[in-house]
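Here the protein sequences come in this chain order: A and B.
Our numbering numbers the first residue of the first sequence as 148 and each following residue consecutively.
Our numbering numbers the first residue of the second sequence as 101 and each following residue consecutively.
Quick caveat, the hints were computed from the structure, so don't treat them as lab data.
Please read all numbers here as calculations on a predicted model, not as lab measurements.
A virtual CB, placed ideally from N, CA and C, is assigned to each residue, including glycine.
Heads up, some of the hints might be wrong.
Here are the simulated distance ranges between beta carbons [as the list claims (entries may be wrong)]:
id, chain 1, residue 1, chain 2, residue 2, range
1, B, Q191, A, G377, 21 to 29 Å
2, A, G377, B, R301, 27 to 35 Å
3, B, Q191, A, G201, 24 to 32 Å
4, A, G201, B, T331, 50 to 58 Å
5, B, D227, A, L369, 21 to 29 Å
6, B, G343, A, L212, 19 to 27 Å
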Amino acid sequence: MSAFREAISEAAGLIVRADADFLEILALSVQVTGLAVLIACAIGFPLGALLAVGRFRGRGALSLLVSAAMGLPPVVVGLALYMLFSRAGPLGVLGLLYTPTAMVIAQVVLVTPIVAALTRQIVADLDSEYSETLRALRATRAQAMATLLWEARPALVTAALAGTGRAMAEVGAVMIVGGNIDHLTRVMTTAIALETSRGELSLALALGLVLLVASLAINGALMGLRQRIGEPAHG
Amino acid sequence: MAERRVIPLARPETRGAEPGIAVQGVYLSRGGRALLRGVDLALGGGGITALLGSNGAGKSLLLRVIAGMIQPDAGEVELAPRFARPALVFQKPVLLRRSVRANLAHALKLARVPRAQRAGRITELLDLCDLASLAAAPARRLSGGEQQRLAVARALATDPALLLLDEPTASLDPKATAAIEAIALRAAGRGVKLVLVTHDRAQAERLAGDVAFLHQGRVVEHAPAHRFFSTPESAEARAYLDGRLFL
């Protein structure tokens, strides 16, 4: 139990002292995750709606692919992107390897399928209620998609939350493409992995606790948002 | 095969001075069951027509075929050009999770009504359906009657010449029913053609100028309302009006 007590006091100390290195790591974590989730939602919401109500060849196959991609192993995604971005790789000239941009790209690849697959299900469920009415109102397919996405917004916050959870907790892919470089690409999860391997267990645990608290705060904020836009009075 | 097209004006076989809707030889089956079995029906360009019949007679299906929402297996539906974009109201209104006003604005937006014209049109519709005091209320929190009034207002948003109503008052109490009927009569008074699916004989008597009686997927009788209710010609309609089961 003493290790836990030590970890908790260390975590509190990190926050109270406002340790500069620690804050830098925390800020980069939030930035990378936030940006990745935003991009994943910008792609995943319309893609999910298209899979739910679109009529085109290959829709079934694409749905299957997106669902299957929810379970992509992060290490494999990291490795594929590493090969893509490494100097000899096809995108090597971009010089993205070991940058926060590469980490964002890796997380977008991991999070987009989750957001898209959940959105597909949410919009399909809603469509079964709305489709006849929207057809009677002569909504085009694009108008119907936009209407359904807007009506589904409280549930879409949950989809975004699921994506945020994955991105926040992810370590394998950002470790490979980011490299866990101090002051450049070190984020909470890679720092925890590093401290663990160094045997600094209480520091690792302290970082883990802070990550947990940050995750709780983000979840709480998004759930508050969900409740607010869930009120039918608004919009 | 199945077709739905806009007819040129003046078809000799339509009833009344003005042609409106011509349904010819419409067949529709689902899952091996014949649901519409050769429907022929010619409706004029104005007034209120009731599609009357028991549950399962094919009334709502026929309405959807007329609306173009369901393609029949065979036969055709022809509509006068001004009926090319009919509006529909269903038994159970599905409203957006927005205010009453925003629901109407959405329908106008879908129809690409210019933004500058929307506010004025919304005010008209709110007045027409007696919803002005509820304009800012969340649509999903209205009473059943108010929701259906909003659904009718939404259907009328784009000024359709043809309004198709599928048992709009089946889940409503008498007061809410009377409000919907008043709106229907007002719309008909403004020249909108109404086709009303109902199994409520009294409602058909109150509203309709003519009645098409459906039985087992066919129109077995189509007559002016007063004649249909006083001297029905078919055995099926007589049995229905007497409240007897006719299988």
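Are A:G201 and B:T331 spaced within 50 to 58 Å by their CB atoms? holds, 54 Å
Within 21 to 29 Å: is that where the Cβ-Cβ distance between B:D227 and A:L369 falls? violated, 41 Å
C-beta pair B:Q191, A:G377: status relative to the range 21 to 29 Å that was hinted: Holds, since B:Q191 and A:G377 (Cβ atoms, about 27 Å apart) stay within the stated range.
Taking the beta carbons of A:G377 and B:R301, is their distance inside 27 to 35 Å? Cβ of A:G377 to Cβ of B:R301: about 43 Å, so the range 27 to 35 Å is violated.
19 to 27 Å as the expected CB spacing between A:L212 and B:G343, which holds or is violated: Violated, at about 58 Å.
At the C-beta level, are B:Q191 and A:G201 separated by a distance inside 24 to 32 Å? holds, 29 Å
The structure is inconsistent with the numbered hints 2, 5 and 6, although it conforms to all the rest.
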